[in-house]
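Using the sequences and the accompanying hints, generate a full structural model.
Protein chains in written order, with our numbering: chain A, 2 to 333; chain B, 139 to 709.
Calculated directly from the structure, the hints in this document are not laboratory data. Keep in mind that a hint or two might mislead.
The calculated label-pair distances, taken between Cβ atoms and stated as ranges, are [what the hints assert, rightly or not]: (1) B:D594 - A:V23: 29 to 39 Å; (2) B:D594 - A:E81: 33 to 43 Å; (3) B:G375 - A:V311: 21 to 31 Å; (4) A:P62 - B:T277: 42 to 52 Å; (5) B:E520 - A:P62: 52 to 62 Å.
Where is the CB? At the ideal position from N, CA and C, for every residue including glycine.
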Amino acid sequence: MQRYIIRRLIQGGIILFVLSVVVFLLLRIAPGGDPAAFRCGFTCTDDKIAAIRKEMGLDNPYFPVSVDLTDPPFVSFNGESQYWRWVRELFNGSLGRDWNGAPVADELQNRLPVTVELLIITLLVTIAVGVPFGIVSAVYRNSPADYGARFGAILGLAVPNFWVATLVILIPIQYWDYAPPLTKTIAFFDSPWDNLRQFVPPAIVLAAVSAAGVMRLTRSSMLEVMRQDYIRTARSKGLRERIVVIRHALKNSMIPVVTIIGLQVAALLGGAVIVESVFNLQGVGIYFLGALVRKDYQVVQTLTVYIGAVVVLLNLGVDILYAWLDPRIRYS
Amino acid sequence: MSTKSYWQRFERQRISRRRVLAAGGVGAAGLAIAAACGGGDGGGDNGPDATAVPTGTNGGPKYGGRYVYHIEGDWGTIDPLTSVGFAPGIFPRIYSALLDRSRIQSDVFYFDLAEELEQPDAETYLFKLRQGVKIAPNTLGIEERDMDAADVKSWFDRIDGDERAVLSPFAKQNLESVTVTDPQTVTLMTNKPYAYTLFRIGAPLGSTIPPREFFEQGLDIEAQGVGAGPFGTIKAGSFSESGGIVAQRNPNYYRTADNGDQLPYLDEIEAVRISDRQPRRVSFLDGQIDSYTAEDRAEVDGLLDDVSDALVTETANNTYIAFNMHPEKAPWNDEKIRKAAGHALNRQEFVDLIVGPEGGRPNGLVHWPLGDFALSPEELEELQPYDPARSRELIKEATGEDSIDIKVMYPVSDIQFHDKHLPIFLSQMAEAGFNIEEDVRDFGNWLVNYQNLEYDASLSLNQVYETAEIPLDWHSVNGPQGDRNFGTGIGGLYPEIEAAIADTKTKTDPDEHIAAVLETQRMIYEKGPSFLPIMSWTAFTLYHSYVKNVPTGLGATGLYLWNEAYIDKGE
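Next comes the structure, spelled out in structure tokens:
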């Protein structure tokens with residue numbers, strides 16, 4: 002197992018290196034103009050834009066090494082390069098400065114806890130709603146409970162979360178003069194109650210889609226497991242149905258569900274962009290969106306690699322979890 | 139305690155154009171609103187007047203409380219040298235400017251760090267600084283001393299040494315020297331008469347002056363701030379780059395109210411960043427923020443159903459979308475085709491369909507919020523009438539056909555109202571004989587092409603111009619930045635127009651300046667303008683009724699005047 006984990010981590014490192022080169026290049030070759038000109042705006046002069054390019058490091062070549070097949074010895078080494086500067090900043094933790102001139106590390110330090118808390122609560126709601134309803138739906142197949150749960154799941158998948166989010170803040174203020182705190186992010190340890198008032202509504206909105214997916218997958222997985230021979234054997238031994246479902250069926254049906262929950266973290270980050278905006282949570286999602294719009298290389302490439310690293314680690318975690326859920330799985 | 143409105147206490151008076159000072163009689167607390175020269179009661183036909191806003195009842199102003207307002211985006215750092223976007227709103231609260239000349243009412247001056255200005259000649263500005271403009275208590279180790287001429291000099295030195303400075307183009311092109319005579323006297327000399335000097339040096343954007351210790355001691359001015367403004371201390375831990383800050387009352391602030399009250403009344407001013415409109419609106423309705431800028435008049439009416447006692451202020455926006463033609467390229471090098479474009483645009487229809495008749499007005503070459511500098515609606519009706527039939531006639535005279543193929547570049551953008559302008563523009567132009575090939579770009583690409591003049595014609599999005607200078611410069615051969623970035627105007631085709639535009643900048647006498655700007659617009663209309671601003675709109679801001687003494691009607695200059703605002707929730 003240890004060797005397997007080490008091998009996967011090395012593979013992950015290679016993936017992240019390739020990802021870093023790809024995102025670095027794509028940002029620069031994609032249409033959309035010069036971020037320095039963007040930042041410089043409508044009052045730009047040539048001198049001003051040159052100063053901004055220098056500040057952002059955009060006056061350096063892309064890579065530490067340049068290849069020119071028409072000019073022997075074909076390879077030349079550059080001093081400072083944009084890629085090397087970025088990688089150096091990634092490793093030393095400074096992360097450079099964003100389009101506004103603010104340190105990216107400071108921004109992430111402020112924003113990461115917001116998004117992480119939102120995602121944790123969302124995952125908790127997703128599991129708390131999706132798994133039990135999936136089980137009930139499978140166990141009481143074709144009953145009103147099953148139909149109700151499936152209807153709810155389809156509704157959750159069908160309704161766009163920006164619309165639900167808007168309703169969630171507009172209806173309470175209209176009818177009950179109530180609104181969650183919207184002006185600034187409240188840390189849990191500063192005021193637990195206000196923090197939950199702020200985070201639970203967006204988490205429920207975000208979880209609507211993911212819980213629906215988990216519910217449907219749990220249901221289908223449970224139905225498949227319930228048809229297995231060992232379930233029939235368990236029943237024939239006279240075990241109570243509750244024991245059959247929870248001890249014998251549930252754990253085995255969880256493997257695809259765990260996979261999907263792991264992968265949903267990355268998908269939830271996408272949904273977080275909109276929900277953070279509607280609930281005015283100053284998290285990573287809203288930061289990423291703003292950076293994309295204005296071609297903020299430093300932020301987009303840094304966050305892409307970080308998100309890539311999270312996905313790599315989550316996949317590894319999910320694989321390890323498989324072995325715990327199904328002892329037949331062995332890694333070597 | 140005076141029960142007169144906030145603004146009624148300030149009179150305008152005619153004083154020498156060579157000597158403008160914060161005379162004690164103008165405002166006991168040192169605020170000077172003076173007709174610097176010939177402006178009379180100011181405002182003019184086009185300009186909005188400073189709006190009188192009801193003061194508090196039940197005993198008048200109260201100390202304490204926090205005013206919370208929203209901004210819509212990041213501000214990154216809070217270094218007044220370089221920070222743009224949403225940060226300028228906070229700078230006049232923390233720091234002081236020498237003086238600010240209202241860009242909406244050009245005859246209104248607010249004297250802050252300076253209490254007197256003398257102009258012995260057209261290039262010299264001699265400022266006598268006020269004594270007692272004292273730095274707020276702080277934990278940065280900056281002494282609670284009076285701001286003086288060395289602070290001013292240090293600030294201009296920093297502008298001179300940093301190309302990124304907001305005022306860098308002004309300093310490079312116009313500033314000859316900054317000289318300190320004594321701690322209370324500083325002299326700015328321009329290298330030629332420059333009519334916009336006083337507009338530039340007081341603007342909240344790039345012109346507020348921090349204590350020199352920031353630079354002498356290498357303190358981090360990007361995330362910290364201490365100044366001599368009414369809210370001169372930033373609350374520890376309150377600043378975030380994403381747009382949050384709490385500025386705290388400066389007990390050393392130099393101004394007092396008429397009744398001798400030490401100003402400001404508020405304990406704190408807080409800016410919170412709320413990017414999305416719905417949470418902004420809900421926050422206002424819930425009382426989490428104290429003011430809210432509505433999208434248009436219709437939204438104001440809807441909000442007043444819920445908050446019927448809210449105060450609504452109207453501020454003319456110096457913002458517009460324009461149609462920009464490249465006059466060195468065919469067909470726009472033909473004045474008949476340019477004039478045809480002018481006749482094609484029914485600017486009133488843009489107003490009616492986008493913001494409603496009460497929400498804005500059609501623009502001439504200088505936009506209407508600039509008051510006396512803009513041509514009157516009646517004259518505009520003569521100079522640029524909507525007449526699609528005339529447009530087709532002009533096209534026929536120029537080409538022999540009654541329609542013409544043109545290519546227009548524009549970006550995909552969510553900038554305010556752009557999506558609403560676009561279909562109206564396309565429809566009106568088509569009706570007047572222009573067959574448009576749409577050259578749609580992403581915003582960044584559009585910006586680069588726009589900057590490099592790689593277009594035949596382009597829509598020019600949300601320009602924000604606080605003086606008449608750049609609107610006229612669009613018609614100069616060197617364009618709005620003086621270096622042929624973004625645009626080149628018909629000045630290259632008509633030397634007399636180039637000369638007239640240059641001449642407007644030298645008119646340091648305000649009356650002569652206004653007359654020159656108006657006359658130059660008329661000249662440009664004669665030759666067919668290459669840059670056509672469409673319309674500017676009004677910003678409607680709602681304040682909860684407990685926010686009192688809200689300064690309005692002076693545009694950004696009002697930001698300096700929050701020292702007499704207060705909160706009265708009747709508690």
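Inset, instruction - Give me the numbers of the hints this structure contradicts, sorted from smallest to largest. - result: As far as the earlier hints go, not one is violated by this structure.
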